Each structure stands twice: as C-alpha cells, then as structure tokens.
Amino acid sequence: MEHGSFQDESQATFSLTDEDHTLANSLRYTLNQDPRVTFCGYSIPHPSDARANIRVQTTGDLARDVLKDSCQDLMLVCQHVRSTVDQAVMEFKNKQWVESMTIK
Amino acid sequence: MEGVSYQRFPKIKIRTVRDDFMKFELRETDASIANALRRVMIAEVPTIAIDLVEIEVNSSVLNDEFIAHRLGLIPLTSERAMAMRFSRDCDACDGDGQCEYCSVEFHLRAKCINDQTLDVTSKDLYSSDHTVVPVDFPDSSTGLDNADNRGIIIVKLRRGQELGLRAIARKGIGKDHAKWSPAATVTFMYEPEIYINEELMETLTLEEKKEFVESSPTKVFDINANTQQLTSILLLNAPTLYPVGSAEFHSVFLQIVDSNQICSVEIFLSELMACENSSFYNVQLSHFNANFVVHFAPFQVYVYDAEAYTYDDEVLKKAEAMGKPGLVEIHAKEDSFIFTVETTGAIKASQLFLNAIEVLKQKLDAVRLSADTVEADEQFGELGAHMRGG
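Residue numbers (UniProt numbering), protein chains in the order written: chain V, 1 to 104; chain S, 1 to 390.
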C-alpha cells in the first residue's frame, strides 16, 4: 500500500502488511545503495501489528519505481548468493573427497 | 535512469558442511542482509510438523493435549515442504485441509502387555508418505548405546495402558509456531582482525606475557615456546660469537673448529624450553670442552584462534592494567561475517540456506508485484482524495 501525493510522486511511504525487520531492513539497505534515493528509512509502528512502513524520497524518479528496482536488485543479490553457495558446497565436497582419497 | 546502483555482490566460502551443521563465511555485504538471512532461516523456511491429532484411546499417565503437544514438536524430514501447499491455500481438498497434496497422515498404536515399561517413541509413528518421517539420528557419539537408537520418547506405558491416535502433519513456518522452525541455532559473528604490536610486546617479560595470554576467557593468543628465535651462540673457550640471525630453529648444528678437528654438535631447542633470554650450557666432546652461551629472542605471543574472540574487551583491559595500552588492536570487520547454521534434522543445513534465499526472493516478489495493484486506491479512496486535495 502506497501513501503518497499525486502532485509529487517522488516521495512516498509504502506500508507492507505481514512484514517485519527481515525484509524492511534489507530493503532499506539496498535502497540506500541506489544513487537516485535522497532519503530512505523504515519503521514498525507497533510490534503486535505485523506492518512495516518504508519511506522513500528520490531525486525525481517515481518512488514506486525506485522501490521496485531495489526489490529487483536485492533479488539479484540473493540469486548471486545462491549460485555462490552451490559452487562453494561443490568445491568443498570435491576437496573433501580428494583428501579422503589421498589419506587412504 | 541516472546511475547504476552501488550495491555489492557478496562472496561465500564454506568451512565445514555436515548433514545438520554448516559453517561458512559471508563477505562483502552488510549486516542487514546477514540478519535478514538469519531471520528467514529461523522463522520463515517452511517445514512439516504434526498439526492435528485425533486421539482414539489414551490410558497413559499424560493427558491428550500433552501428548498432542509433544507430537507437534517431533521433527519430520521436510524435503517436500518447499513444494507443498499450505493447507489453507489448498483447493484440492474438500475444505478440511487433509488431502494428500497438502498434508501427511500418521498413525500410532501402542499397548503395553508385559510387565516391562513400554517406551512409545517417534519410531512408532507410521507415515503415509515415506519421504516424511520422524528424523532419525544415527547417533555416532556413543558407539555402544546406539545399537538400539530408540528415537524420541513420546510417552511411557505401564501394563494395560494403551495409546492409539491419528495425526495430520501440515506445512508451516517458524513464525506461526516454533515446531515448524527447521533451525536449531543460526548465529553469525563479525570476523575479528587482531594486530599485535610487536615492539611493545617485546618489552614484556615472560611472566607478563603469560598473564596477558591467560587474561582472555577464550584461547585467542598463545605463546610460541617450541620454535624460539635463536639470535646467537657465544663460544666461551675460544670466544667466538656465532651469529645465528633471527631465523627460527628446532635445533642448531654448531661447528666447533679445534686446532685438529672439526666437531659438530647438535643442540635441540626443545631441551632449552625453560630458559629465558640466555643460558649457559656445557657440552662434553671427546677431548674438547665446549662452553657456550645461547641467546634467544624472547618468547613470541601469536594469535592462536582469532575467531575464539567473543568481543569481550578483557585482553584490552589487561593491556591497560599492565600499563601498555596499545599492545593489541582488535577491530571487527564490518562487512565480513561467520555464520554457524545448525538444523534439527528436518532439512539439511546447506538446503536450509538455499531455501532461505528462495523464501527471501519470494517475499521480494510479493512486494514488487503488490505495488502494482490498484486495490489500495479503491480501499483508501478517501485517503487518496485527502492527499490530493490536502
């Protein structure tokens, strides 16, 4: 849910239901890496209420576009981590296999 | 679009991988990403656990809900969990959430007929799906006991007591109830960088060094006693100083040149371990008495295990108390984390991490796509009008 103004679409507060620090903090970090963002922060209005508000202010681009791009960037990071882990696990297993062979 | 985002892509190095344990390093990323992964691993990776119990007969000493609670906490192998549907989202069943696509059925029947106490364990739970079974730990710790690895004890029965029940296991996440959490513990720590100021360190005596090394509650530093640095050997009879330099030795061959012959003597440094800076030795050769003094560089303090450091500042306080405040410098590398992942056995440790990434991506997709819906405007038309007008 986006709370913003139709006059100035470069700043908005996005209210995400059923979300907590897990997503909000990592999105905030990724948003800060984007040069178009002038201000970005998140808050959780009440701990019993599963809702997180993310505030984004940009240099002119639409706030919702910038948010979507940051989600995309974070997904790319996750994808990279995933493929790196797969590779690292394979390398580790090969190394172990080689070591066990040489001991014998 | 102006510029490309400055985000960094992290690097991973795996240290150990076992079935239920994984230790790896995550570099070049921020604490918020590491924390997000940790939180997802604990609370949002789905598993399967018993959720509904129909008790047919129970004459044990534990009441029905007690046993149902215990059954829920039994870890079940949940490789199927990611592909399964939540019961509430399932459209194949007729509303009661018990079809084969969204749930797994278990049954258990036990009656004690002899005088010996009967242990009803997780091994007595029979599953309708052979891929979802109570986790079985081939306990390698005690070789003798594991011959009859009995599984998790649910209840104990006396003669005549009986337990019969039917249980439905469903998919869920740790956020709803801890029984669905696949992680035993997931922790990460900042990687420490420890610098020893060698010049200051050399001004300490051996006693002070030992005190310093022992002031840390965990073994971070150690004193290098074996390979001491031999600096020179002074032969006293024919006073010749053999400079050895500051290389490290286990033993030294000393060539003693007499008028007639050359004798070689091997001095083992392990025999000289208790000495401080210099010691007097006497070696008896056939006709030649060699007296010499050996000079050692002082014992070296080195970093034994940097990661045992728990960020208590005990060693820093000790250094200050000894009057040498800059003795060691310890920084936490802000973008380098060491993860320790331990699972209950429901999912393999490496699989848990991969599933966590998948779940994080799904959450991001949900946010990305929800920003497109116009529902919000319709529901909150008044708010929109207020924003527009106001």
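Hint data in this document are derived by calculation from the structure and do not stem from the laboratory.
Here the structure is a predicted model, which means the values were calculated and not measured.
Check before you lean on any hint, since a few could be wrong.
Claimed, not checked - Derived lysine-lysine pairs resembling DSBU-like cross-links, with alpha carbons at most 35 Å apart: (1) K13/S to K95/V; (2) K93/V to K111/S; (3) K68/V to K210/S; (4) K179/S to K93/V; (5) K11/S to K156/S; (6) K219/S to K68/V; (7) K123/S to K348/S; (8) K333/S to K175/S.
A quick look at each hint next to the structure:
{"no.": "1", "hint": "K13/S to K95/V", "result": "holds (13 Å)"}
{"no.": "2", "hint": "K93/V to K111/S", "result": "violated (46 Å)"}
{"no.": "3", "hint": "K68/V to K210/S", "result": "violated (57 Å)"}
{"no.": "4", "hint": "K179/S to K93/V", "result": "holds (31 Å)"}
{"no.": "5", "hint": "K11/S to K156/S", "result": "violated (50 Å)"}
{"no.": "6", "hint": "K219/S to K68/V", "result": "violated (48 Å)"}
{"no.": "7", "hint": "K123/S to K348/S", "result": "holds (20 Å)"}
{"no.": "8", "hint": "K333/S to K175/S", "result": "holds (31 Å)"}
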